[in-house]
Structure formats: structure tokens, C-alpha cells
Amino acid sequence: MGCMKQSQEGARVLIEYCAGALDPVQAAEVERHLESCTDCRELAEKQMELWEALDGWKAPQVSADFDARLYARIAREQAAPSWKQWVRRIFEPAAPVVWWKPLASLGVAGAVLAVGLMMHTVPHPAGAPQVHADQVDIEQVAKALDDLDILAPVNPM
Amino acid sequence: MGAEAAQPSVNPGVNKDMEAVAALERDAELMLRVRGGDETSFALLLERHRAPVVHFLYRMVQNQAVSEELAQEVFLRIYRSRANYQPTAKFTTWLFRIATHLALNWIRDGKKEKSQESLNEELLDGVERQVPDRQPTVEQELLHAVRLKEIRRAIEALPEKQRAAVILHKYEELDYAQIARALGCSQSAVKSLLFRAYETLRSRLAHMA
Ligand SMILES: [Zn+2]
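Line by line, the protein sequences give chains V and Z. Per my numbering: the first sequence ends with 157, consecutive numbering throughout. Per my numbering: the second sequence ends with 1209, consecutive numbering throughout.
A few of these clues could be false.
[What the hints assert, rightly or not] Taking lysine-lysine and the DSS-like style, the derived pairs with C-alpha atoms no more than 30 Å apart in a straight line are:
no., chain 1, residue 1, chain 2, residue 2
1, Z, 1149, V, 58
2, V, 58, Z, 1191
3, V, 46, Z, 1191
4, Z, 1191, V, 84
5, Z, 1090, V, 58
6, V, 5, Z, 1191
7, Z, 1149, Z, 1191
8, V, 58, V, 46
9, Z, 1090, Z, 1191
10, V, 46, V, 5
[To be verified] FRET-style restraints, in silico, Cβ to Cβ:
no., chain 1, residue 1, chain 2, residue 2, range
11, V, 58, Z, 1044, 20 to 30 Å
12, V, 67, Z, 1188, 38 to 48 Å
13, V, 85, Z, 1177, 28 to 38 Å
14, Z, 1137, V, 32, 18 to 28 Å
Just so you know, the hints here were simulated from the structure itself, not pulled from any lab data. Where a beta carbon is used, it is the ideal one built from N, C-alpha and C, also for glycine.
Okay, chain Z solo, but in the shape it has when bound (with noise of 0.2 Å):
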């Protein structure tokens, strides 16, 4: 890959800072009627936020199961604490604290090893999920369920911090002042968490470029 070939894909400028701030107030709003008694806005709350709350969950902790168990979690606490709700922080950053909170105490509680039987079928499972459009040969498949293992065991191998911040940044999308809010910390902490994880991830998987 040349200079030429390193484009970004996506360039989000101005209209993405406003798609931004219109999330922003659509889920403060929001909130702030489920603190008025409101139970349809609840409803929506967990239909915009249900599927990255989970899917960052399932990649820290790489369990299905245990990641919908987080998640309920998450949205009970949510729900619990409707009353004293104030907009002061974005939503979704009060909402990846609370996930990023429940999924650390969890690995540090070592209940990882509890579940680990249940991961081999996990990345079977994983795999079969994955099949992409066109029908790939034997082969393909094989090669993608190897390389998604590999990717799977590199992430898991970080340290829990590491871990949280790589999945809030490229999966969630997250900034480092999100990030740095969701993990308890400073956002210059944030950038030497990030700066390390990614270099530990590229020399790991540097070979399957």
C-alpha cells in the first residue's frame, strides 16, 4: 500500500459534529421523559442503544450470553436511577461507563474462566454468523475463521484497559474525551492506552496482512 492508497474511507466533517449534537438531545430528551413517568421512551432508549451496548459488552468479555447478561445490567441501572436523572454528560458516554464499569469488575472478578468452555463453540458460532455474501469456497472460510480467531485472541490478550478503550474507539466509535469519561481516567491516559494497544495489535497481527 502506497502513500496514494492510504486514504481515509470516510471524512466526517461539519455534518457529523451535527448528527452528533441532534443524538445528543434526542437521547437527553428522551431520558428526561422516561424521568417523567414515560415508558414508550424508555422503549426507545434500548432500541437506539441495545445493540452497541451488547456488542461492546460480547467484545470484552467474548461471550454472548454473559454480554446480554451486562447489558440488562446496564439498562436496569438506567432505568433504576431515571429519577434523579440530570443532562449533564452525553448519554451515551453515562451509558459506556456503566457497561465499561460492569464489564471490567466482571474480568477482574475472573469469572472469564467460568465461561471459557463455552468459548470455543462461541467462535464456532461466531464464524458461522460471519459467512459473507458471495459462497465462499472451503478454503475462504477456513482461512476467515482463523484469522477472526486470531484477532478474537490478540484483543482478549490485552490488558482489561487496553482492551476497553481499543473497543470504544474502533467499534463504538467513541472520542478520546468519551473514552476517557467512560474509563475513569484522563484523556492523556486515553491516548497511552490507545497508543499501546495498537501497537501491541499491529505486531501481533502484522502477518495476516
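Only chain V is shown next, with the shape it has when bound in the complex (with noise of 0.2 Å):
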């Protein structure tokens, strides 16, 4: 086994081994890897510290009504009319709904479109230098995409 602090799969590793959730195999291996490697020792001594002090925060009990609440409001929701509930189970569904996806796949078709019509009816003027069709079609494509990444939910990781 190489240095786990070196990578991050190392790293997950020794993360799941403080955790205890390595099988013994596994386990077996990385305190073989301990026993010699201060770096990764120090680094599952600090990350066994922090398991420790995270322990230490419980949640609160559940209040005593939460299940009285809800079937009061299940109840709440089946005396609605029927197209209330219709719209409830759009706009708020079991399963996030990506929305913005399928819009990210009409919206590249349309650049890539719109960039293949201008290619297509924009006359080349005399003399000026000939720019192929596709390698534009790639570079806007790239561009589209680059655009609409920002559309996407935040992922600040």
C-alpha cells in the first residue's frame, strides 16, 4: 500500500478505517502501513479525535406529536379537491426534479443550429479567409455549454 495521505482515495480509505468501517482485510493493511508511516498515524490520530468529538453532539428527541402533525396534515391534503393535490405532486415531487437539464439539451441544439443556418447563408465576401463550418460549430457548441453550466444548481463543493 502506498502513502494514503498522498491521494484522495488514500485518504477516503483511511477516513473509512477510522470510522470502522473497513473490513478486517483492509484494516489489517492499512496498520500495517500505519506502523511505519508517521504522516498517515498523525492523520488518523486527528481524524480519530475529530470522530470522537463529533460524537458528542446528539440530537435533540423527536416532540412527542410529530406523528399526530403529520396525519393531521395527510388528512389536511386527501379533504383537498383533487386537482389540488394533482398540482402538489408536480411542483412538489418525492424525487428533485432536474429541471434544468432538458432545457441545457434544447438550448445546445438551438446554438448549434443557429451557427449552422449562419454558416450556411452568410456569403463568404471575396478574398476573406475560409472558416470551416464544423470547427466553429465545435468551438460554439463548447461555448453554449460553458454558458450554461452556470444554469446549473450550485454545486459549491
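From the two separate chains plus the hints, produce the assembled complex.
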């Protein structure tokens, strides 16, 4: 095993080791490395200390009337007119809808089409350097994709 | 702490895997019964997952009333979509995907500020609820309160996706694949989220050891 501190995959293994989530064979392998590597041993110790500190944060008990309140909401919803229930199903889905993806595909298709039309309809002035349509298409599509990336949900990792 | 002291306390192996498979089937079975109109199975699902969902949301938004409100929304959405349920993914993954989505939306909508006033009360609240078994001294209690506050602040200061990843990993014990599905990202993205989050937390909470 190489030094775990050096790669993200190695760090993941070390984190899982500290969480006690590795199988015995993998855990033994990590332990062998820790015996000879001061850097990884230090990291493992710090991670375990953090793990223990985080254990100290307990969440409060759920309120006793939680279920009663939920069932009241369900009853209210079921008593609502059926069109309202349909609207809720569409706008409050059980799985998050990635709405921008179909829009992004449409946008890219539109951009490609627009560039294609421009290349074919605008006449080249005599003597002007000829630009390959394919080349421009690729650049335009790349640009369009970059722009659309801004539309994607924020992803601060 | 030396290398020997670095022994993990738990060593889940085959048994844990089998438990996980059994739990997976149990949840899917219950949800299929809910789809068939069995209300008792919904009550059982609620019983099994109420606390994990509320606790996850509590650690995300750090406000008990808000966490319960959001958790109700999660179960309401599960119930609402019972007719179309297909056991394609693990039930808990689906549950935490909805919970994560609602929590991230709540945070992004900036609703945090509105409930900030209640946070200080909540902090004291949390301390009172977490008194250890033995009667602690006043100093011990104060130290505990200060540490707890630092942990909460450190987690709250993480970017929202890192925060969600850490809470799902540390407290809900989801694996990388499940966290990836809950967050709607790749497993390598989860690796990098957790790597950075733990790095930040280690340096912020280093003095606490
Ligand atoms: Zn090493």
C-alpha cells in the first residue's frame, strides 16, 4: 500500500478505517502502513479525535406529537380537491426534478442550429479567409455548454 | 494516541451486510404495502425512519422546529407518491435524497437568518438535553457546552453540500454510493466533499483534543 495521505482515495480509506467501516483484511493492511508512516499515523489520530468530538453532538428527541401533526397534514391534504392534490404532486415531487437538464439540451440544439444556419446563409466576401463550419460549430457548442453550466444548481463543494 | 490506540471500535463485516439486505427488503416490502393501501405499513415506516430523518435535518438546519417541519414534508411526499412507488433504489437513499433536497433548498432560500434568534436558545436547550449519566461539575458542564457550540459552529460553517455529506456519513452512516445518490452527484465528488470537509473540521476543532 502506498502512502494514503498522498491521494484522495487513500484518504478515503483512512477515513473509513477511523470510522471502523473497513473489513478486517483492509483494516490490517492500513494498520501495517500506519506502523511505518508517521504522516498517515498523525492524520489517522487527528481524524479519530475529530470522530470522537463529533460523537458528542447528540440530536434532541423528536417531539411526541410529531406523528399526530403529520397525520393531520395528510388528512387535510386528502380532504383537498383532487386538482390541488395533482398540483402538489407536480410541484412538490418526492424526487428532486432536474429541470435544467432538458432545457440545457434544447439550448445546445438551438445554438448548433443557429450557427449552422449562419454558416450556410451568410456569403463569404471574396478574398476573406474561409472558416470551416465544423470548427466553428465545435467552438460554439463548447461556449454554449459553458454558459449553460452557470444555469446548473450551485455546486459549492 | 499511538498506532495501537488507533484501533477502530466497530468492525462491521458480513453480519452488517446481511442486516442491511434484510432492512432493504423490509422497507421495500412495507412501501409496497403502503402502495396497496395499507396504512399500518406507513406507520411502521414512520416508526423506523422518523428519528434518523429528523436528526439529519436537525443537524443540517440546527433548529428543532424547522427540522420537524421539514421532516413532515419528507414523509408527506413519500406518502403522496405511494401509488407510483417502485423498489428500484434503497428506500433510505430515497428518503435522504428528499430530506437533503429540502434542507439545501431551505438553506439556499436564506431562511436560516429568520430562525437565527432561536439558535441561541436551542444551543442551551441542546446542552440541557445532553447531560451525561453521572452528575457533572459546573466546570464540566460549561466545558461540554463550549465544545458542543464549537462543533455546531464548525459544521454550520461548512459549505452546504460538504455539511450534508459529513452528516450523512458520520451520523446516518450512509456509504459513498448512497451519499452520492442523496446529493445527486458522483461518488468521486462525494470523496472530494468528505475529504475537504473533514480536513476543515480537523483543523477547526484540533484544539479540542
Ligand atoms: Zn503514509
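Note whether the CB distance of residue 85 of chain V and residue 1177 of chain Z lies within 28 to 38 Å or breaks it.
Between residue 85 of chain V and residue 1177 of chain Z, where Cβ atoms are some 34 Å apart, the hint holds.
Consistency of beta-carbon spacing, residue 32 of chain V to residue 1137 of chain Z, with hint 18 to 28 Å:
violated, 43 Å
Going straight from one Cα to the other, do residue 1090 of chain Z and residue 1191 of chain Z come out at no more than 30 Å?
holds, 21 Å
Checking one constraint from the list: CA of residue 1149 of chain Z to CA of residue 58 of chain V, max 30 Å. Satisfied?
Holds, at roughly 12 Å.
Has the given pair, residue 46 of chain V with residue 1191 of chain Z, been kept, meaning a C-alpha gap of at most 30 Å?
holds, 18 Å
Regarding the pair residue 5 of chain V and residue 1191 of chain Z, is the alpha-carbon distance no greater than 30 Å?
Judged against 30 Å, a Cα distance of about 14 Å means the pair holds.
CA of residue 58 of chain V to CA of residue 46 of chain V, is that 30 Å or under?
holds, 21 Å
Holds or violated: residue 58 of chain V and residue 1191 of chain Z, Cα atoms, limit 30 Å.
holds, 25 Å
If you draw a straight line from the CA of residue 1090 of chain Z to the CA of residue 58 of chain V, is it 30 Å or shorter?
holds, 26 Å
Would you check the hint for residue 1149 of chain Z and residue 1191 of chain Z, treating anything up to 30 Å between C-alpha atoms as holding?
Cα-Cα ~27 Å, so holds.
Is the straight-line distance between the alpha-carbon of residue 1191 of chain Z and that of residue 84 of chain V 30 Å or less?
The given pair, whose Cα atoms are some 41 Å apart, is violated under the 30 Å limit.
Assessment of proposed distance window 38 to 48 Å (beta carbons of residue 67 of chain V, residue 1188 of chain Z):
holds, 39 Å
Hints 4 and 14 from the list above are not met by this structure, while the remaining hints are.
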